[in-house]
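Working from the sequences, and respecting the hints, build out all of it.
Chains A and L, in that order, give the protein sequences. Position one of the first sequence corresponds to residue 179 (my numbering), numbered consecutively onward. Position one of the second sequence corresponds to residue 6 (my numbering), numbered consecutively onward.
Any given hint could turn out to be false.
In silico lysine-lysine, PhoX-like type, Cα no more than 20 Å apart, as pairs [what the hints assert, rightly or not]: (1) K201/L with K70/L; (2) K434/A with K200/L; (3) K434/A with K462/A; (4) K95/L with K237/L; (5) K434/A with K295/A; (6) K455/A with K193/A; (7) K193/A with K295/A; (8) K455/A with K237/L; (9) K362/A with K201/L; (10) K216/L with K295/A; (11) K70/L with K205/L; (12) K284/A with K200/L; (13) K455/A with K434/A; (14) K193/A with K462/A; (15) K462/A with K366/A; (16) K151/L with K237/L; (17) K193/A with K429/A; (18) K23/L with K470/A; (19) K462/A with K237/L; (20) K190/A with K455/A; (21) K462/A with K429/A.
Residues of chain L clear of chain A, computed beta-carbon distances all greater than 12 Å [what the hints assert, rightly or not]: (22) R21; (23) E60; (24) A111; (25) P142.
Calculated directly from the structure, the hints in this document are not laboratory data. Remember, predicted model here, so these are calculated numbers, not experimental data. Backbone N, C-alpha and C define an ideal beta-carbon position, used for all residues, glycine too.
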Amino acid sequence: MILIVAEHAAGKLAKATLEMVTAARESGREGPVTLLVLGQNVAAVANEAAAVADQVLVADLPGLATYNAEVWAAATTQIAQEGEAHTVIIGGSRSGREYAPRVAVKLDAAYLEDATKLSSNGAALQAQRYTYLARVTETVEADGTVVVTVKPGSFAPAAPAAAAGEQYDVELTLPAARVEVTGKSVEKSSRVALTEADVIVTGGRGVGSPENFSRYVEALADNLGAGVGATRAVVDAGWRPYAEQVGQTGKTVQPKAYIALGVSGAVQHLSGMGKSKNIIAINKDAEAPIFKVADYGIVGDINEIVPALIEASRK
Amino acid sequence: MNILILVRQVPDAEARVKINAQQVDLDGATLVIDGMDEYGVEEALRLRESGAPIEQIIALAIGPKRNEDALRTALAMGVDRAIHVETDEKFDAVTLSRVVAQVAQAENATLILAGGQEADWDSQALGAASAERLGWPQLTWTNELKLDGDTITGRHDVDDGNESFRATLPAVVTTQQGLNEPRYPTLPNIMKAKKKELRKDDPAGYGLSSKVRTVNAEIQTRARLNRMIDGKDAQAAAQQLLDLLRNEAKVIA
Chain A
179 MILIVAEHAA GKLAKATLEM VTAARESGRE GPVTLLVLGQ NVAAVANEAA AVADQVLVAD
239 LPGLATYNAE VWAAATTQIA QEGEAHTVII GGSRSGREYA PRVAVKLDAA YLEDATKLSS
299 NGAALQAQRY TYLARVTETV EADGTVVVTV KPGSFAPAAP AAAAGEQYDV ELTLPAARVE
359 VTGKSVEKSS RVALTEADVI VTGGRGVGSP ENFSRYVEAL ADNLGAGVGA TRAVVDAGWR
419 PYAEQVGQTG KTVQPKAYIA LGVSGAVQHL SGMGKSKNII AINKDAEAPI FKVADYGIVG
479 DINEIVPALI EASRK
Chain L
6 MNILILVRQV PDAEARVKIN AQQVDLDGAT LVIDGMDEYG VEEALRLRES GAPIEQIIAL
66 AIGPKRNEDA LRTALAMGVD RAIHVETDEK FDAVTLSRVV AQVAQAENAT LILAGGQEAD
126 WDSQALGAAS AERLGWPQLT WTNELKLDGD TITGRHDVDD GNESFRATLP AVVTTQQGLN
186 EPRYPTLPNI MKAKKKELRK DDPAGYGLSS KVRTVNAEIQ TRARLNRMID GKDAQAAAQQ
246 LLDLLRNEAK VIA
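Following this line, the structure appears as structure tokens:
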């Protein structure tokens, strides 16, 4: 069977889970597509999961109330072994890429990390992935039991199937969590999450000041129903929180439209947004490298162009 | 206690990466110690300078000869000695974690510091896989770290924000931007580093066999439209851009 560990938050299935279901169906691997729901009070999530998978395994336990790498790895491994899964698919989120290697070691399986495409070649599962700061696309393959993480935004979300999958409760023996969480700060935003946004407006140093960032980047994002991103320089300068950083050391995004305001286009930034479907750049420096990767570019003053854009997009 | 730091020598972010015979060819590329690993080197030195009873700080590199340069950089920054498991064979991160676990045990390390994501593989797996092989907990994407006895506390990024944590050593910590500002090696320290031990280990002793094969590699660039809009008339430019996004690219409503 193909085992997928469902990602969910606040009682809802994440879009990443639907993408993993598509990845499983496109992988060419045999067997029922099985979603494993780990958590506490996850009945609603399990129902959502049943709509897209062949079957759903539900572990609704107090020990799974909060994510912990060792606990998630142990739970996933137990189910994979009991169900004789030959393919385990885990989300390419921060947490997914944290516990998936542990599952691969426990299962003595091959690990294909951050796949953007999956296919079968005889007994081997082939995966495409980006390397060298996303400048290179590599195809890697492995036989036998394989653990895969799937890069968010790489597969189309699965639509509900004709018939809902069966749900089964599962028993687990969980290890004690050894990392104690002593505080948590959730970077809440009323805007759509960067990794889920269809449109992202990102500001770089060229925006000028933290005040301009609100006035231009946030205002345009709100008009377009978009997520807000920032470059490392802007985050380092303390204008914006790290959660908004796009790039090698921040988030990787693949929206339909990526609107870069005053962004120069350093390689580290391009590695985080270079796969966006459409890139729109506005910068007063005609030589900025961002224009080389842009679909639409405006060489001009942010202070004039963006207010005009905000005004025009309001109509 | 001993700290083990993992380092890699990777292409500079601005270096042009070439493909030769369907594989990445780094011949002629500018190579540097991975920036993410540098945070680990710096953090180990700072933990010692803050008074923690750290006997040895050991840097480990696994891979081709070029990794010697990363180890020399770490030695010049202040690491005590280095181990290079030299191999030209390509191993995946989960396989390489076998070496890390064996070296950590042989060197009595109780803290391993590794970069959060290597700039060559774009992988986050080495720290986590090493932790699993050793049966240790791990803290990834750490941007604040304190050591008190065998207790580590700090802060790290998680899916939806950040968390403060407490754990007991041994543990693996992966490092990233924000943790510290890595120091530049001074000339006297670069000279001193030349005398420090850089031990070569035979990879054959570690029982390595990769489960992952690289089929090919290519530079894939999406063809971009590169359509420039004249920005002199802001109103007209804004209207033209919105029209293109709405009607041609169909990315906004």
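Against the structure, the hints:
1. K201/L with K70/L: holds (18 Å)
2. K434/A with K200/L: violated (54 Å)
3. K434/A with K462/A: Roughly 24 Å separates the two Cα atoms, so the pair is violated.
4. K95/L with K237/L: Judged against 20 Å, a Cα distance of about 52 Å means the pair is violated.
5. K434/A with K295/A: holds (18 Å)
6. K455/A with K193/A: The given pair, whose Cα atoms are some 18 Å apart, holds under the 20 Å limit.
7. K193/A with K295/A: At roughly 17 Å apart (the allowed maximum being 20 Å), K295/A and K193/A satisfy the hint.
8. K455/A with K237/L: This hinted pair is violated, its Cα atoms lying about 27 Å apart.
9. K362/A with K201/L: violated (42 Å)
10. K216/L with K295/A: Holds: K216/L and K295/A sit about 19 Å apart, inside 20 Å.
11. K70/L with K205/L: holds (10 Å)
12. K284/A with K200/L: violated (41 Å)
13. K455/A with K434/A: Roughly 5 Å separates the two Cα atoms, so the pair holds.
14. K193/A with K462/A: Judged against 20 Å, a Cα distance of about 36 Å means the pair is violated.
15. K462/A with K366/A: Status violated; Cα separation ~32 Å.
16. K151/L with K237/L: violated (53 Å)
17. K193/A with K429/A: Within the cut-off at roughly 16 Å; holds.
18. K23/L with K470/A: Holds - the C-alpha atoms of K470/A and K23/L are around 19 Å apart, at most 20 Å.
19. K462/A with K237/L: Holds, because 11 Å separates the two Cα atoms, which is no more than 20 Å.
20. K190/A with K455/A: violated (27 Å)
21. K462/A with K429/A: Not OK: K462/A and K429/A at ~26 Å, beyond 20 Å, violated.
22. R21: The claim is violated: R21/L sits with its nearest Cβ about 9 Å from chain A, within 12 Å.
23. E60: holds (24 Å)
24. A111: Non-interface label on A111/L holds, nearest chain A Cβ at 19 Å vs cutoff 12 Å.
25. P142: The assertion about P142/L is violated, with a minimum of 4 Å to chain A.
Checked against the numbered hints given earlier, the structure breaks hints 2, 3, 4, 8, 9, 12, 14, 15, 16, 20, 21, 22, 25 and satisfies all the rest.
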